[in-house]
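Listed here are the chains, written in short residue letters.
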Amino acid sequence: MLRRNLLKLLGNSAAGASLCAVPITLLAKARALDQAIGIPATDLVTDPLTETAKRFAASRKTHPFLAGFESVTPPGTGKASANIVGRWPSALRGTLFRNGPGLFDRGTQRYQHWFDGDGLMQAWTIDAGGVTHHSRFINTSKFARESRSNKFEIMAAGTTIPNARAISGPDDANTGNISVLHIGGKTYALWEAGSAYEIDRDTLETLDTKIWRDDLAGAAFSAHPVYEPDGSIWNVGLFDSKLLIYHVDKLGALKTVQLINLPRGGYMHSFTASESKLVFVLAPLMRVREAGSFFEQMGWKNELGSFMVVLDKADLSKPRFAEFESGAAYHYADAWDEADGTLALRACWYGPGSGFVSPFGQYVQGYTHLDTPLAQELVEIRLPANAKRAVLQRQGVAKVEFPIQTNLMQRSANIYLQGRATHPLGALSGILSLNKSAKPLGHFDFGNDFVLEEQLYVRAGGKRYALGTIFNAKKARTGLVLFNLDRLGDGPIAQAWLDRAMPLGFHGSFLPA
Amino acid sequence: MRNIYTLFAAATLAFAGVTNAATLTVNITQVTKAAGKMAVKLVSSSAAYDGEAEATAAQMVDVKSVEPISLSFPDLKPGTYSVMVMQDENGNGQLDSNILGIPKEGYGFSNNPRVMRRPNFDETKFEVKDADLAITIEIL
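Sequence lines, in order, name chains A and B.
By the numbering used here, the letter at position 114 of the first sequence is numbered 114, and the numbering carries on one by one without gaps.
By the numbering used here, the letter at position 120 of the second sequence is numbered 120, and the numbering carries on one by one without gaps.
Derived from the structure by calculation, the hints contain no laboratory data.
Glycine included, C-beta positions come from ideal geometry on N, C-alpha and C.
Each hint should be verified, as a subset may be incorrect.
Said to hold, decoys possible - Restraint ranges, calculated between C-beta atoms of paired labels, are given here:
1) B/VAL66 <-> A/GLY86: 32 to 38 Å
2) B/GLU54 <-> A/ARG389: 51 to 57 Å
3) B/GLU127 <-> A/LEU259: 37 to 43 Å
4) B/ILE135 <-> A/GLU153: 17 to 23 Å
5) A/ARG394 <-> B/VAL66: 55 to 61 Å
6) B/GLU52 <-> A/LYS250: 25 to 31 Å
7) A/THR256 <-> B/GLU52: 36 to 42 Å
To be verified - Just a sample of chain A residues kept apart from chain B, beta carbon distances all over 12 Å, derived:
8) PRO75
9) ASP240
10) GLU325
With the rest of the complex left out, here is chain B (with noise of 0.2 Å):
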């Protein structure tokens, strides 16, 4: 039976490791046209949110059927992040939207907001600690 100090070394030990290294899973559901190609982009800033800045991260996928996709970015710092999504679905890389402005082409944002505009930072960012992390994002 191990003693409790050999618990407690292995619990620091155990610590050490995770530092600045947490995986962000983003699950994107309701996906309703398998065409084109769903790109993802990670923030962790309001200006980079607004195209004013870097993003973190981002990735591409074929979207081949109506399945839910998954795709990860791992070695995470602690920190606010953000993660939109947007399907081009004709590639024409850019989300088209009709006259009115209200897009034609499936996207959504982290925390799933529910508002008929474009959410700000504040409403789609969520925290990274030191733990992997999965998020869904249901596209619209």
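Chain A extracted, bound-state conformation (with noise of 0.2 Å):
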């Protein structure tokens, strides 16, 4: 009433003209105000997740090979007999058991990070009818809340999650997404950073979280466990700067713990073992902020080097340290002792920068094409006994990964590695054997059209063989394929196709039957 009556007083007056403009000053200001409050509008940006999630729908129609990063719906695909193409050995029978992210959507957000996705564990069984495939997710307690959600409220590996929830300790961010151990009757599937899951053998449903003792709940545990012959394995878990050893008999009974405080922290993700020790090598990835996703905190501090860490089996109270250039492996092929006391080991090993921390990142966001792609090489890498600084020699063989552990302990005579020396997708479609000087023996390639993922090792009826997965990214079609591993360049002897894709995974384990 009081502006009514003032308005009225001012009249035509260049006052009152002025006064007649300040409400459309006050509308914009009470729209940015709406805006504020969350009332939509469509000048706002979407959040970084939901843009992820539009672009990588709006790719997928036109690039089939991006079905490799698709999610799968919860929870999980039901039996399906796979089409046989060749000769499945009747002497092998068993559980191809293979892990790997599985779901990268929720509500209108995608993931970012390759790693980011919830675990979906997939089992291929070769029997006697054929080879059958069913899956299912990890029922994590990260999975399960933000199921009842449907929002992603946790932190995650690679992407940052907006308003994430706080979190107690690295278990509670638990996907359950890289691997599979079997042991002492029992399958867990296993993350690096937290709790292995024990998961139903036949139905895939999650049992619970394995505390193996009652003062290692939820510490970290590998994805890599290390055999040794006597089936027992070895495990390692690393927080900050802190090593925990595991040694677990082949009944699953915890034999041993030991933690090792080390000099700095860093990064690592498997280990090896020769026959006298255990060797982790650390790459100079470590926190440097506390805002983001996991791998978002972390930054190279190349300055430092990696380092090793080296334990006696005999006596794991003692850690010998040495100094080595700075880089990282994912994944190792063998490693031994020689008789003047060096420790020799090799792995696929990636420079600083070379995409390590984020490989296909970009597929998972809807883009087409890498910008960088994985520059990874086969190394030796060499401690002579007393030495506090470990050698790297580059073997002159570059784009491999997923070596196939054949020895235990050992030098390997031959080496088994997938790859592919360029690939349009940055994948590899390749499998293939060097001899001991690390030079060319068996290959097969399955082409662009491909990409061949982790071959295993598998022994039945006395012959020695190379199984794993691999993806039709032309057809999106995902499958099973067996080669001799003595005769790798006659291509796979039998092979078994979905009428599906399914997500390109990460690691796995064969369980005979």
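Hey, can you piece these two chains together into the complex? The hints should help.
Laid out in structure tokens, this is it:
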């Protein structure tokens, strides 16, 4: 009432005109306030994870290879018979369990990093009836919580989650998505920064987190345990600058635990062992900020270099440390003790900035090419007795990964890997073997339209095989392939193809029937 | 109808009644285990936060269900405070942690800081003024 009276008094004066102009400015301010309190406006920028989802959906329509990074609808896929090509050996009976990221989308949002997807356990069963496949998500505490809300709520490995909840430790962010372990009659989904999750071998349902001992609840347990010839395993957990060593016997009982304080932290995905030693190489990838995802918090401190931790299996309490040039390995081929006390190992090695922390991240985001294809190479790392520094020897073989471990704790006569010098997708489509001088022996390449995933060494009926999955990137189909390890050049001797694509995965383990 | 002077006088009297007597209500949510006791400590300094000076107040309540727990700290002077909560699930009087130092029992801090380490006083502090205040602490 007061305002109306005032306007009447002012009439058409200049003051009155300016007073009429004020409400328009106020309107603009009110609109800004609407936006600030969440009233949608078409000119608001959507959140980056929603942009990612839109971009992926658009690209997927015209790029079938992106099916390798699509989400599977929970709870997983039902039993399906695979279409057989060739002849599966009758002596080969069992189930290949494979783990990997299977869910990248919730609500309108999509993850931006390959490692973030929730773990999807796949099982390929080979028996007299053929090959069947099914899959099921690992029901981690994160997966259960985010399934209820259908929102990403928990900190991820590579994607910054807006308004992520506070968590008490890495195990709250466990996706259970990296690998599989069979021991003591049980099967576990493995992550690396938190607990193993026990799963039912037949239904793939999640049972519970594995607590090896009361004070180990929630502790890191890596995705790459190393087997001893007696069937026991060594494993490791890394948290800040603490290294936790586990020794579990073949019945699944914990034998030994050793906590090692390191001179500094770093990053490690797997480790290796010779007959007498456990060997860990930590890359100088460490927490430099507290905001963002796990990997976004980390930065390369190349000036520090990587370092090795060597433990005598007979006395885990006395670590030996050796400095090393900066770089990282995901996977090791073998490790061995030499007569003069030198420790040697072979790895697929990444220099700093070689795309190590975010392989295929751009595909997850719906881009159709990689700016920085992975650049890894086969190296031998040598640590002479009493040396304070290890030495790296390049083997002249580039773009190889997933070494197939055939010999435990010995130098393998031949070395087997997945590789391909150039591939339009920056992927691996071949399998190859190298002799002791790292020169080519056997080789088979599926060509540009395929991505060959991890192949595993399997013995059956006195023969040596490589068994693993393959993705047809042109037709968006996933299959299982089998090679005679000593005749790779013959190509796959048997194949089994699904009528659909499954997401590309990480690691697996074969459980003989 | 009250005239403006009556209103003003009433307001003055109202202000006069609200000195140094705010009540802080702490709502504890996300409890996942109905076990043991919830220990709640209210501190007003960094030294008290680090256990080097006395706390302002503390309370302990039985955790009989996973429903949110609400408790109050009355008669607080205006100032800067922090609240820490710990669920002693097994009744051993301490926050159990695993071999790597990561807590195994539930805990929480005011402001619910998103850090994967013990937050410091600055990250958990909040202001109490003349008016009653309610905060929510999520158990991790």
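Verification of the supplied hints:
For the pair B/VAL66 and A/GLY86, the supplied restraint of 32 to 38 Å is violated, since their beta-carbon distance comes to about 55 Å. Taking the beta carbon of each, B/GLU54 and A/ARG389 are about 53 Å apart, inside 51 to 57 Å as hinted. In this structure, B/GLU127 and A/LEU259 meet the distance hint of 37 to 43 Å, their C-beta atoms being roughly 42 Å apart. About 21 Å separates the C-beta atoms of B/ILE135 and A/GLU153, a value consistent with the hinted range of 17 to 23 Å.
Separation of A/ARG394 from B/VAL66 is about 57 Å and conforms to the stated range, judged on CB atoms against 55 to 61 Å. Take B/GLU52 and A/LYS250: their Cβ atoms lie about 50 Å apart, and the range 25 to 31 Å is violated. Look at A/THR256 against B/GLU52: about 39 Å separates their beta carbons, and that is inside 36 to 42 Å. With a cut of 12 Å on Cβ distances, A/PRO75 stays outside the contact zone with chain B, its closest approach being about 23 Å.
Annotated as non-interface, A/ASP240 brings its C-beta within 12 Å of a C-beta of chain B; the closest such distance is 8 Å. Interface exclusion of A/GLU325 from chain B stands, the closest Cβ pair being 29 Å apart, more than 12 Å.
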